Every structure is written in C-alpha cells, then in structure tokens.
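These protein sequence lines are chains A and B, in that order.
Here the UniProt record's numbering is used: the first residue of the first sequence is 1, the next is one more, and so on.
Here the UniProt record's numbering is used: the first residue of the second sequence is 1, the next is one more, and so on.
The hints are simulated quantities; they were obtained by calculation from the structure and are not laboratory data.
Possibly wrong hints are sitting among the right ones.
[What the hints assert, rightly or not] Here are the computed lysine to any residue pairs in the SDA-like style, where the Cα-Cα straight-line distance is at most 25 Å:
(1) LYS85/B - GLU109/A
(2) LYS365/B - ALA262/A
(3) LYS64/B - LYS289/B
(4) LYS289/B - VAL56/A
(5) LYS183/B - ALA262/A
(6) LYS183/B - SER260/A
(7) LYS172/B - THR129/A
(8) LYS172/B - ILE259/A
(9) LYS365/B - VAL267/A
(10) LYS172/B - TYR258/A
(11) LYS172/B - GLU109/A
(12) LYS48/B - GLU113/A
(13) LYS48/B - GLU109/A
[Said to hold, decoys possible] Residues of chain B placed beyond 10 Å of chain A at every Cβ, according to the derived structure:
(14) GLY40
(15) GLU63
(16) ARG80
(17) GLN111
(18) GLU155
(19) ASN211
(20) GLU224
(21) ALA227
(22) ARG228
(23) ARG231
(24) GLY275
(25) ILE276
(26) CYS310
(27) PRO338
(28) VAL360
It should be emphasised that the depicted structure is a prediction, and the values quoted were computed from it without experimental measurement.
From the three backbone atoms N, C-alpha and C, an ideal C-beta is built for every residue, glycine too.
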Amino acid sequence: MVEFLQLILSGLAAGSIYALAAVGFTLLWQASQTINFAQGEFVMLPAFFVLVGMTVLGMPMWPSVLFALVLSLLILGVMFKKLIVEPMLPHGTLPLVIATIALGLLMKESVKEFYGATAQPFPPVFPQTVYNIAGASISVQDLGNLAVSMLAIAGLQLFLNRTRTGRCMQATAQNPAVAEILGVNVKRMVMYTFLVNAALATVASVLISPIYLAKFSNGETLGLVAFIAAIVGGFNQIRGALAGGLLIGVIDNLSAVYISAAYRNAVPLILLIVIILVRPQGLLGTSEGRTV
Amino acid sequence: MLRKLLGTSAVVLALSAPPTMADVKIGSIVELSGPGAAAGTNFRDGVKLGFEEVNAAGGILGEKVQLLEYDSQTDPQVSRAMVQKAIDEGVYVITGTVYSSSTVVNMLVAQQAGIPQFTGSEAPSITQKGNPYIFRTAFGSQKGMPKVAKYMAEEMGIKKVAIVWANTEFGKGGYGAFMEQAKIYGFEIVADVPTEQAQTDFSADVLKAKNSGADAVFVYLTEEESARFLREAQKQSIGLPMIGETTLIGAKVIELAGDAANGAMGHVGLTADAGIPAVSEMVARFKAKYNYTPDHNAIKGYTSAWTIKCVTEMIGSTDRQAFADKMHGLTLTAAECPGVLMDTSWDDTGEMSRESFFVVVEGGKQTVKAVLPPN
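Using the sequences and the hints given, assemble the complete structure.
Okay, here's the thing in structure tokens:
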C-alpha cells in the first residue's frame with residue numbers, strides 16, 4: 001500500500017508538469033489550428049534564460065525568473081506569432097507544422113552552442129524538505145509543482161470563462177470571422193493566446209528544471225510526453241490536457257513497477273492508440289466544439 | 001610573350017607545389033548532438049586539447065596535425081556514414097565514438113579500411129569481435145566490474161544486490177559484466193531494474209531498489225541519469241550504499257546531484273582527485289581553455305591524442321598497419337609519453353589496462369579509498 005501511494009504521489013507530481021506543457025498544445029491548436037512541435041523546446045528554453053540572468057547578468061534568482069518571463073513573452077509569444085505563425089499560416093497547416101519542427105531544432109542547437117551540451121544544475125524553487133505521508137516520501141518540491149500547476153490551469157480556466165477578455169478569446173477560437181463581426185479584436189485575442197502559452201511554458205520550465213536539470217535536449221522527451229498527454233486528455237480541452245498529463249505521470253510509474261521497467265516508454269503509446277481507437281476526441285475532449 | 005610564358009609557368013608551379021597544410025589528418029567522430037552530446041563534447045574537447053599540445057610540441061614526426069571533426073548525432077547509422085566520410089578524406093587514425101551502440105557499428109567500416117580507431121566506449125563486445133584496429137582509452141566494463149565486485153564482496157561484505165542499469169549498449173555491457181561477477185562472488189540479485197536513455201523520473205526505480213531487501217544498489221547509468229537517480233534516492237531516504245562506476249561518481253554527477261552524491265562510491269579508471277600530478281595539471285589546462293570541469297571522457301580523448309603521437313613516432317612513419325601492429329601488446333609509460341598521464345598497456349584485443357581507484361564521494365569530492373592494481 002505504501003509502495004502504491006508512493007507511486008501515485010510521484011506520478012502526480014511528474015504528471016502535473018506534463019499537463020502544463022500539454023496545455024500549450026491545446027492553446028495553440030485553438031489559436032492557429034496547428035500543432036506546435038517546438039512545445040518541448042518552449043519549456044526547455046526559459047530555464048536557460050534564468051541561468052543567463054543569474055550567471056551572465058549576476059541577478060538573484062527571482063529577478064532572473066522575471067527576466068526569463070519577459071524574454072519568453074517576447075520570443076516565444078510575440079516573435080513566434082509574428083515571425084513564424086503569421087507568415088506561414090496562409091500556406092496551410094503542414095508548412096506551419098514543419099516550421100515548428102525546424103524552430104524546435106534551431107532552439108535546441110542554439111542553446112547547445114551558447115550554453116554547452118552538458119546538463120546544468122538549476123536552483124530549486126521550493127525548499128528541499130521531504131515529508132513522510134503514510135510511509136511515502138514526498139518533497140515540498142513535488143507538492144509545490146503539483147499545486148502551482150493546478151493553480152495555473154485552474155486560473156486559466158477561470159480567466160477564460162469568467163472574464164470578458166477570456167470570453168473574447170474563446171469566441172475567437174470558436175469562429176474568428178463571427179467574433180470580428182461582433183467587435184472582438186481577433187488579432188489581439190490570438191496574441192493573448194500566444195502570450196499565455198509563453199507564460200505557462202516559463203512556469204513549467206522553472207518548476208521542472210530543478211528535477212530534470214537544465215539541458216538543451218530536455219524538450220525532446222517532454223514535448224513527446226506532453227503531446228501524448230494532450231491527445232489522451234482531449235486536444236481541444238484544457239481540463240483534458242490536465243487529466244492527460246496526470247494520467248500519463250501515474251501510469252508511467254505504475255507500469256514501471258507492476259508491469260515492466262523495460263517497457264515503460266511503450267505504455268503511454270499503447271494508451272494513446274487505445275484512446276484514439278475508442279474515443280478519438282480524447283477522454284475529456286469534445287468531438288465538434290472548440291473551446292479554448 | 002615572355003611575360004605570358006613566365007606568368008603561365010608561375011601558375012602551373014603554384015598549382016603543382018606540394019601543400020604546405022598539415023598532412024597528418026585525424027578524424028574526430030563523436031556525439032556532438034543528440035543524447036550523447038555531453039559525453040561526446042567532453043571527448044572531442046579532450047582530443048582537441050591533446051592535439052593542440054601535440055602541435056605546440058612539434059606535431060607528429062615534425063608535421064602538424066589537422067583535426068577533422070564529424071558529428072555522429074548519437075545515431076549509429078550516422079556515425080557509420082561519418083567514419084566513411086573521414087576515411088574518404090584520408091584520415092590516418094580515428095578518435096571516437098563514445099557511445100557503444102555507435103562504436104559497434106562504425107568500427108567495422110574503419111576495420112575494412114584498415115584505419116586504427118581509439119574509442120571511449122566501454123561495452124565488452126567492442127574488443128571481443130576480433131577487430132585488430134580498435135583500441136580503448138578506458139576500461140571496458142569487463143575490466144572494471146571484477147575490481148568493483150571484488151571490493152564489494154571482500155571489503156564491504158555485500159551479499160544481496162539491487163542493480164539499476166541503462167538499457168543501452170553501454171548499459172547492457174556493464175550489466176552483463178557485473179552479472180558474471182555476481183555469479184563468481186555469489187551475489188543474490190534481489191532487484192533488476194532496466195532504465196531508459198534520458199529518463200527523468202526515477203521514483204519507481206528507486207522504490208523498487210529500496211523495497212528489494214538489498215544490502216547495496218549497483219547503479220550503472222550515464223552521468224545525468226545517475227545524478228537524477230541519486231537525488232531521487234536521497235528524497236526517498238533509500239538508506240543503502242550506492243556503488244557504481246565512473247559514471248556514478250564523476251565530477252559532473254557530483255555537480256548535478258549536489259548533496260545527494262555524498263556517500264556514493266565506486267570504481268574509477270581516471271580521476272582528477274587521484275593525486276596524480278599529470279592528471280591534475282591536464283584538468284587545470286582543460287578548465288582554463290574550455291571553462292568547464294572535464295569528465296573522464298575528456299581525459300580519454302586527451303590520452304588518445306598523445307598515444308597517437310607517441311606510437312607514430314615509435315614506428316617512425318604514418319603507416320596505419322604498422323601503427324595497429326605496434327599497439328597490440330604495447331605498454332606506454334608516462335615517463336616516455338607524458339600525455340598518457342599514467343602507465344598504460346593494451347592487449348591483443350585492443351583492451352587497455354592500468355591502475356585504477358575505488359573512491360567514495362565525501363563533502364562533494366572524490367576521496368580515494370583504495371588503489372586497485374591493473375588486471
């Protein structure tokens with residue numbers, strides 16, 4: 001029982017990070033009807049902005065996080081939309097998908113050239129204290145990651161459902177032409193979506209890097225897991241991304257112990273195939289409506 | 001007319017003149033991207049530093065070394081193509097690759113062309129295939145594991161072992177070599193946990209080892225995964241000795257794992273903290289040049305560069321076959337070739353042998369517990 005509890009707690013902590021990254025897929029799908037295959041790199045990059053702030057500019061940690069947030073909003077939000085998405089979108093979805101793959105490679109290789117190929121230690125956001133809950137160990141870091149991820153996603157849901165700007169963003173996602181007729185500033189709403197994704201990526205990066213360590217190639221694994229989580233949960237629902245992320249985190253841990261550690265990477269893929277066959281819209285996704 | 005003739009003659013002479021560029025070409029084929037980039041970059045930088053010093057010391061047989069670099073992308077098939085490219089460009093000797101899964105593939109290409117190759121890989125199969133052109137710059141795991149297992153059994157009295165290993169060519173080699181020793185020393189394997197390359201979450205793996213009833217955990221993962229494992233083990237208060245090879249207790253692991261590395265122990269072929277002045281000085285020069293602490297891969301690369309210089313000058317020519325022949329059964333001492341850092345021998349299979357160390361991490365540094373004789 002203790003073993004099971006330990007696996008569930010650790011799985012939820014890891015899954016909450018997958019969920020944050022998976023939300024990015026959902027948001028950009030709604031805003032531009034494309035899959036951002038650089039999403040993993042979007043989560044990898046802000047950690048290096050923080051390290052640049054701390055080691056190159058000599059700033060303390062929290063100002064460096066703020067510095068990273070500003071850079072992420074500019075580069076992963078504004079510049080990504082203006083320089084990649086807007087010019088590519090008229091040519092269709094496929095060229096844009098290819099462009100995001102290329103962007104991911106460019107980001108990865110740039111970080112490697114600038115910061116080196118080896119992993120870097122990253123300062124922890126939370127105290128390193130470990131608690132014992134009914135015999136299972138859980139760190140403040142794990143609890144913090146889980147809480148911050150949940151709050152970020154719940155806050156996003158509230159923003160989208162309870163504020164005028166959030167509703168305008170939803171209207172834009174549902175039908176941009178009609179939203180424009182109704183007086184919604186569609187371009188601005190789409191820009192907000194990109195900014196929200198950049199901010200969430202920064203949060204995910206700061207939470208995950210003390211555990212993953214900051215490395216140029218972190219996006220490879222994270223991007224794939226988050227993509228699977230988004231599909232499993234439902235690609236057009238934020239709460240689906242949350243459910244998918246948590247589910248993948250827990251299943252990964254359970255399968256490593258109770259099935260086989262050798263096949264743990266295969267289990268999420270099998271789950272993905274089963275979900276696609278049984279419920280193509282994902283566990284919490286809707287088959288027709290598109291809601292941000 | 002005369003001016004035209006002289007001009008034409010000058011152009012012809014210029015074109016037919018022998019090149020003044022370096023003539024000794026060395027192919028450096030390593031993992032500069034992909035999951036192996038950290039190890040590959042270290043190895044490459046070690047090779048570069050070694051050959052820069054070789055060139056500063058007059059080159060090889062008076063000729064400068066030209067280093068041609070290729071990125072294997074940590075992909076065995078790409079590494080194979082890069083070895084072929086290097087051969088087509090006329091390299092004398094190849095250095096690399098580091099990842100065993102690449103080396104077992106690309107060394108066959110170098111063998112066909114008769115090109116000597118120095119690898120940083122540790123999988124036992126590499127020197128067991130009868131390739132007369134492959135040479136290691138570090139112990140194969142079949143050399144290191146007997147030393148570790150002997151220490152675990154005789155000095156630590158361990159009987160039950162949980163083994164956590166990387167499910168890659170590198171990991172499989174070490175796993176197989178350790179399991180052979182486990183039979184010899186009568187270890188009971190109470191947990192057998194394979195892990196994936198670039199795995200990030202080790203909570204389930206630590207839990208399996210912790211609940212197995214083992215006296216110790218044998219960890220055979222690459223550096224970054226080792227650091228993550230040690231941190232998770234600390235979080236779960238594993239309470240067991242963790243023993244491994246260089247990749248569990250190297251400088252990079254200590255840097256990444258922080259406090260969690262304290263208490264980890266194992267066998268290392270090369271360590272900056274061994275108290276060997278030549279190694280410490282090389283590490284200092286490396287840090288000054290590249291601004292990071294070299295790991296064992298960098299030392300492997302560095303020693304391969306100096307071995308190439310010293311052996312070539314022993315045979316007196318850049319004859320590849322003579323080079324390969326000379327390497328077999330050779331002992332190169334640090335006195336005659338200071339760049340090898342320690343006295344080193346190679347047997348008929350290209351496997352190397354030298355003194356090594358059993359260390360424990362204390363206060364964020366390696367402390368040598370025992371100097372282990374060559375085997």
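Right, here's what the structure says about each hint:
The suggested pairing of LYS85/B with GLU109/A holds, with an alpha-carbon distance near 23 Å, which does not exceed 25 Å. In summary, the hint linking LYS365/B to ALA262/A is not supported, as the alpha carbons are separated by about 33 Å, beyond the 25 Å threshold. Restraint check for LYS64/B and LYS289/B: the C-alpha separation of about 20 Å stays at or below 25 Å, so the hint holds. A C-alpha spacing of about 18 Å is found between LYS289/B and VAL56/A, which places the hinted pair at or below 25 Å, so the restraint holds.
Among the hinted pairs, LYS183/B with ALA262/A is consistent with the structure: their alpha-carbon atoms are about 23 Å apart, no more than 25 Å. As the CA atoms of LYS183/B and SER260/A are separated by approximately 24 Å, the hinted pair is consistent with the 25 Å bound. Of the supplied pair hints, the one linking LYS172/B and THR129/A is violated, its CA atoms being roughly 35 Å apart against a limit of 25 Å. Taken as a hint, the LYS172/B and ILE259/A pair is honoured in the structure, with Cα atoms around 20 Å apart against an allowance of 25 Å.
A distance of roughly 39 Å separates the Cα atoms of LYS365/B and VAL267/A; the hinted pair therefore is violated under the 25 Å criterion. Our distance criterion of 25 Å between C-alpha atoms is met by LYS172/B and TYR258/A, whose separation comes to about 22 Å. Between the alpha carbons of LYS172/B and GLU109/A the distance comes to roughly 29 Å, so the proposed pair goes past 25 Å and is violated. For the proposed pair LYS48/B and GLU113/A, the alpha carbon gap of about 17 Å is at most 25 Å, so the pair holds.
A C-alpha spacing of about 21 Å is found between LYS48/B and GLU109/A, which places the hinted pair at or below 25 Å, so the restraint holds. GLY40/B, annotated as away from the interface, has a beta carbon of chain A within 10 Å; the closest lies near 7 Å. For GLU63/B, the condition that its CB be more than 10 Å from all CB atoms of chain A holds, with the nearest at approximately 31 Å. Distance check on ARG80/B: its Cβ is at least 22 Å (rounded) from any Cβ of chain A, clearing the 10 Å threshold; non-interface status holds.
The non-interface label for GLN111/B is consistent with chain A: the shortest C-beta to C-beta separation is roughly 29 Å, beyond 10 Å. Annotated as non-interface, GLU155/B keeps its C-beta farther than 10 Å from every C-beta of chain A; the closest such distance is 30 Å. With a least CB separation of 6 Å from chain A, ASN211/B falls inside the 10 Å interface cut-off, contrary to its annotation. Consistency note on GLU224/B: stated as away from chain A, yet its beta-carbon is not over 10 Å from all of that chain's, at 5 Å minimum.
Non-interface status of ALA227/B relative to chain A is broken: a Cβ of that chain comes within 10 Å, the nearest being about 7 Å off. For ARG228/B, the condition that its CB be more than 10 Å from all CB atoms of chain A is violated, with the nearest at approximately 7 Å. Once the 10 Å rule is applied to beta carbons, ARG231/B is inconsistent with being away from chain A; the minimum gap is 8 Å. The claim that GLY275/B lies off the interface holds: its Cβ sits roughly 25 Å from the closest Cβ of chain A, which is beyond the 10 Å cut-off.
Non-interface call for ILE276/B relative to chain A: holds, since the shortest CB-CB distance, roughly 24 Å, exceeds 10 Å. Under the 10 Å C-beta cut-off, the non-interface status given to CYS310/B relative to chain A holds; the minimum distance is some 29 Å. Here PRO338/B stays apart from chain A, with its beta-carbon at least about 28 Å from theirs, past the 10 Å limit. Every C-beta of chain A lies more than 10 Å from that of VAL360/B, the closest at about 21 Å, which supports listing it as non-interface.
Of the numbered hints given earlier, the model fails hints 2, 7, 9, 11, 14, 19, 20, 21, 22, 23; all others are met.
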